[in-house]
Structures are given as C-alpha cells and as structure tokens.
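Chemist: Required output: the full structure, derived from the provided sequences and hints.
Quick note, the sequences are listed as chains A and B, same order. Residue 195, in the numbering used here, is where the first sequence stops; the numbers in between run on with no holes. Residue 195, in the numbering used here, is where the second sequence stops; the numbers in between run on with no holes.
Worth flagging that the hints you see were computed from the coordinates, not collected in a lab. Treat the hints loosely; a few may be bogus.
Claimed, not checked - Simulated DEER-style distance windows between Cβ atoms:
# : chain 1 : residue 1 : chain 2 : residue 2 : range
1 : A       : Ser29     : B       : Glu125    : 24 to 30 Å
2 : B       : Gln128    : A       : Met1      : 53 to 59 Å
3 : A       : Thr31     : B       : Gly176    : 39 to 45 Å
4 : A       : Cys98     : B       : Asn50     : 35 to 41 Å
5 : A       : Ile30     : B       : Ile124    : 55 to 61 Å
6 : A       : Arg143    : B       : Gly38     : 32 to 38 Å
7 : A       : Glu117    : B       : Asn50     : 39 to 45 Å
8 : A       : Pro4      : B       : Arg177    : 56 to 62 Å
From the three backbone atoms N, C-alpha and C, an ideal C-beta is built for every residue, glycine too.
Protein chains: 2
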Amino acid sequence: MGRPREFDADDALQAALELFWRKGYEGTSITDLTDGMGITKPSLYGTFGNKEELFRMALQRYEENYMAFFWKALGQPSARIVALDILHGFANAQTEECNPGGCLGINAAMGCSEAAEAIQKTLIERRQVGQKALARRFERAVREGDLPADCNADDLARYLLTIAQGTAVQASSGAGREELYRLIDIAMKSFPGSN
Amino acid sequence: MGRPREFDADDALQAALELFWRKGYEGTSITDLTDGMGITKPSLYGTFGNKEELFRMALQRYEENYMAFFWKALGQPSARIVALDILHGFANAQTEECNPGGCLGINAAMGCSEAAEAIQKTLIERRQVGQKALARRFERAVREGDLPADCNADDLARYLLTIAQGTAVQASSGAGREELYRLIDIAMKSFPGSN
DNA sequence: GACGTTCTATACCGATCGGTATAGAACGGC
DNA sequence: GCCGTTCTATACCGATCGGTATAGAACGTC
Numbered sequence: 001m002g003r004p005r006e007f008d009a010d011d012a013l014q015a016a017l018e019l020f021w022r023k024g025y026e027g028t029s030i031t032d033l034t035d036g037m038g039i040t041k042p043s044l045y046g047t048f049g050n051k052e053e054l055f056r057m058a059l060q061r062y063e064e065n066y067m068a069f070f071w072k073a074l075g076q077p078s079a080r081i082v083a084l085d086i087l088h089g090f091a092n093a094q095t096e097e098c099n100p101g102g103c104l105g106i107n108a109a110m111g112c113s114e115a116a117e118a119i120q121k122t123l124i125e126r127r128q129v130g131q132k133a134l135a136r137r138f139e140r141a142v143r144e145g146d147l148p149a150d151c152n153a154d155d156l157a158r159y160l161l162t163i164a165q166g167t168a169v170q171a172s173s174g175a176g177r178e179e180l181y182r183l184i185d186i187a188m189k190s191f192p193g194s195n
Numbered sequence: 001m002g003r004p005r006e007f008d009a010d011d012a013l014q015a016a017l018e019l020f021w022r023k024g025y026e027g028t029s030i031t032d033l034t035d036g037m038g039i040t041k042p043s044l045y046g047t048f049g050n051k052e053e054l055f056r057m058a059l060q061r062y063e064e065n066y067m068a069f070f071w072k073a074l075g076q077p078s079a080r081i082v083a084l085d086i087l088h089g090f091a092n093a094q095t096e097e098c099n100p101g102g103c104l105g106i107n108a109a110m111g112c113s114e115a116a117e118a119i120q121k122t123l124i125e126r127r128q129v130g131q132k133a134l135a136r137r138f139e140r141a142v143r144e145g146d147l148p149a150d151c152n153a154d155d156l157a158r159y160l161l162t163i164a165q166g167t168a169v170q171a172s173s174g175a176g177r178e179e180l181y182r183l184i185d186i187a188m189k190s191f192p193g194s195n
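Modeler: Okay, structure coming up:
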C-alpha cells in the first residue's frame with residue numbers, strides 16, 4: 001500500500017541523534033538534519049512530524065541505547081558498585097570514539113532561546129528523574145545497612161550526578177576516558193565507607 | 001565633538017552579559033540584545049562591533065566581575081582553603097538571586113552550530129586556563145608539603161573543576177545554594193588529608 | 001549659524017530559519 | 001491498466017537571522 005520509503009527510518013533517526021548530540025537542539029538546522037540523515041524535508045516531516053518531535057524521538061533513542069547502563073546499575077547489589085557503574089557508564093558514553101563528545105542531554109539546550117524552552121525543560125526533568133531514582137536506590141541501601149544510617153541519600157545522589165554532569169563538560173572540552181576514570185577514582189573517595 | 005550617546009555603554013554591556021548568560025550565545029538574538037540593552041541596532045554595532053565582539057566583551061566582564069574569586073582563591077595559604085573557596089565561589093555565582101542560573105561559560109555554547117564554533121573554542125580554552133592555573137597551585141602545595149607527595153595536581157585540579165562544572169548544570173536545573181553547599185561538603189571528603 | 005562629527009531611527013539587505021504546497025514517481029489491490 | 005495511497009523532489013512560504021545604508025538629530029567649534 002503506497003510507495004515504500006527509500007530510507008531506513010532507524011538509520012535516519014540515529015543520524016539525527018548524532019547531530020543533535022554534537023551541535024545541540026537549536027544549533028542543528030533542518031538542513032543539517034536532512035543532509036546528515038540523507039533525506040529530503042518532506043520525508044523528514046512526513047516521518048518524524050517536526051523538529052521538536054524528531055528531537056524527542058532521538059532523545060528516547062539516546063536514553064535507550066546510551067543511558068541503559070544507568071538503570072542497569074541501579075540493580076547492582078551494593079551502593080558502591082551502583083555508584084561506580086554509573087560514573088564509569090557516563091564516562092564511557094561521553095568518550096566513546098564513535099560518538100560525539102559529551103552528553104546529548106547537556107549539549108542540547110543548556111542555554112537557549114524561548115523557542116527551545118520546552119526542550120530545555122524536558123531535559124531538566126529527565127535529569128531529575130534519574131537523580132530521584134538514584135536517591136531511592138541509596139535510601140534502600142541505607143535501610144539495608146549497606147550505607148551508614150546518617151547518610152543523606154538525596155545529597156549523595158546529587159553528588160554523583162553532579163560528577164557525571166561535570167564529566168560531560170570535560171568530555172565536550174576534549175578530556176579522554178583515562179582522565180575521567182582517574183577523576184572518578186578521586187570522586188569515589190567521598191563515597192561513604194571508603195576509608 | 002559629535003552627538004553624545006544616549007545610553008551608558010557599561011549598563012548596556014551588563015544587560016548583554018545577563019542575556020548571554022541566560023540564553024547562550026546563539027540563543028540570544030540581536031533583537032533580544034537591542035531590546036534588553038535598550039538601544040538600537042546601529043548603536044549596538046557602532047559601540048560593540050558585532051555580536052561576536054559583544055559576546056567577547058561580555059565574557060571579559062563576566063570573568064572580571066563574577067569569576068574574580070577564582071584568582072583570589074589561588075592566593076589562599078593552604079590547598080584545602082583554595083579548593084573550598086573555589087567551589088563555594090562557583091556555587092555562589094551560579095545561584096546568586098539577581099543572576100541568571102548557572103555559568104555563562106557553560107550555558108553559552110555547549111552544543112552549537114558551525115557559526116559559533118569560534119566562541120565555543122574560546123570558552124573551552126578559558127576553562128583550561130583556569131584548570132591549569134589551579135593545577136600549578138596544587139603543584140606548589142605538593143612541593144611545600146601542603147599536599148601529600150603522591151598527589152597528582154593535574155588530576156586534583158580536574159576533579160575540583162569538574163565539580164564546579166557539574167554544579168553549573170545543577171544550578172541551571174534549579175538547584176539552590178544550600179544544596180550545592182552540601183554537595184561541596186561531600187566532594188571535599190575526597191580532598192587529600194580529609195581523613 | 002553654518003560645519004564636521006557622532007550619535008540615533010528607520011528602513012532595508014541577502015541568507016537562513018522551520019515548515020509546507022504541489023506535482024510526480026513507485027508501489028499493492030482489483 | 002487504472003486507482004488509491006504513500007513516498008520523494010522541487011519550489012516556495014512568512015519570519016527571523018546577523019548586519020548595514022541612509023537620513024536626520026544633537027552636540028562642540030569657529
């Protein structure tokens with residue numbers, strides 16, 4: 001029924017994802033997208049709706065394909081391993097050779113015009129969802145005696161994700177994986193029970 | 001000699017600085033600038049050259065008026081106080097009520113189009129200048145016995161500025177000063193000699 | 001008070017922004 | 001082989017982008 005599309009929508013979405021990752025939401029123009037995805041504008045709008053919807057689809061793909069380590073890490077048996085897996089997972093994603101540097105969620109809309117504020121808000125919410133989930137995991141660790149009773153789970157979760165957000169900036173500035181790993185070694189000395 | 005300008009160039013630059021701080025380099029349009037600065041386009045171009053030059057002047061003003069604590073902190077007598085002053089200084093600047101949230105250097109051009117790559121590169125360089133200066137200060141501390149001999153000054157400087165960059169993201173996402181202060185308390189547990 | 005100078009105000013520039021209308025090409029169903 | 005459908009290609013839309021030309025207004029100087 002109807003003419004078959006001449007491109008692979010999944011490949012095109014991946015190309016869009018990488019463009020948004022590198023150049024941000026507003027920094028990526030429709031022409032950048034059509035060129036990089038290898039499709040024409042009507043194909044883009046017909047398949048993905050519009051720029052904002054395309055970005056949201058790319059963001060979902062990003063979370064599924066690059067941030068999966070985060071939710072997997074929450075299942076680790078000890079809080080320390082949870083923390084280490086998360087920091088190493090972020091460092092890996094931010095410095096993968098074949099990826100753009102840094103983090104899509106940070107690069108996309110840190111500062112932006114009014115037109116992108118809805119996207120900016122979404123990205124802030126996504127960060128807070130992750131932070132809250134990590135805090136819940138640490139609360140459980142406190143209840144289980146895995147973390148000391150006087151440990152503030154919210155503060156500890158915020159601390160770890162602040163490190164991850166900082167490494168995103170570092171990676172976008174050219175830092176390599178080994179440097180981020182050494183940084184994580186230092187950061188983990190703050191983790192309860194390290195001394 | 002000629003008609004006197006009807007606006008205060010310093011006030012106008014401050015207004016531009018705050019716009020760039022909040023909306024980033026590309027997210028701030030010339031119309032945003034002329035509206036916010038209360039001047040017309042010919043006045044803007046006549047006084048500040050063009051958008052890029054205006055941004056660079058705003059960046060210089062930012063470093064002088066909001067980042068001065070950094071260079072002052074380097075003069076503190078102990079490495080620990082240097083580190084604390086720097087982290088608190090960043091947290092203060094990033095959460096000042098009358099300021100836009102976060103950090104101009106982070107908000108301005110994390111992800112951007114080709115047109116802003118020169119700005120992006122400048123901002124990366126400015127971060128590295130600060131990181132290198134902090135590393136030199138810690139090297140001195142190692143020589144003076146203020147930090148342990150096995151302490152890697154480069155890694156420690158990177159760690160602290162990664163925290164600062166992370167708090168910039170947190171502040172742009174709505175975190176308050178008290179939350180950042182508690183985060184800094186945790187981060188400082190990694191600092192050599194804390195236990 | 002005419003002059004050169006420096007500002008401001010308006011109107012305009014080509015280019016690009018995100019998005020779409022129109023026409024034609026490629027399919028399955030009948 | 002014609003039909004409805006769905007894709008693609010081109011050309012186009014108004015709006016906005018950064019930047020400027022032109023004209024007039026406000027000054028000090030002579």
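Chemist: With reference to the structure, classify each hint as holding or not holding.
Modeler: Hint check results:
At about 26 Å, the CB distance of Ser29 of chain A to Glu125 of chain B agrees with the hint of 24 to 30 Å. The hinted window of 53 to 59 Å between Gln128 of chain B and Met1 of chain A holds, with their beta carbons roughly 57 Å apart. Roughly 41 Å separates the CB atoms of Thr31 of chain A and Gly176 of chain B, a value that falls within the hinted 39 to 45 Å. A beta carbon spacing of about 37 Å between Cys98 of chain A and Asn50 of chain B agrees with the range 35 to 41 Å that was offered as a hint.
Roughly 27 Å separates the CB atoms of Ile30 of chain A and Ile124 of chain B, a value that falls outside the hinted 55 to 61 Å. Separated by about 57 Å at the C-beta atoms, Arg143 of chain A and Gly38 of chain B break the suggested range of 32 to 38 Å. Checked against the hint of 39 to 45 Å, the C-beta distance between Glu117 of chain A and Asn50 of chain B comes to roughly 26 Å, which is inconsistent with it. Range check, Pro4 of chain A to Arg177 of chain B: about 57 Å between beta-carbon atoms, so the 56 to 62 Å window is met.
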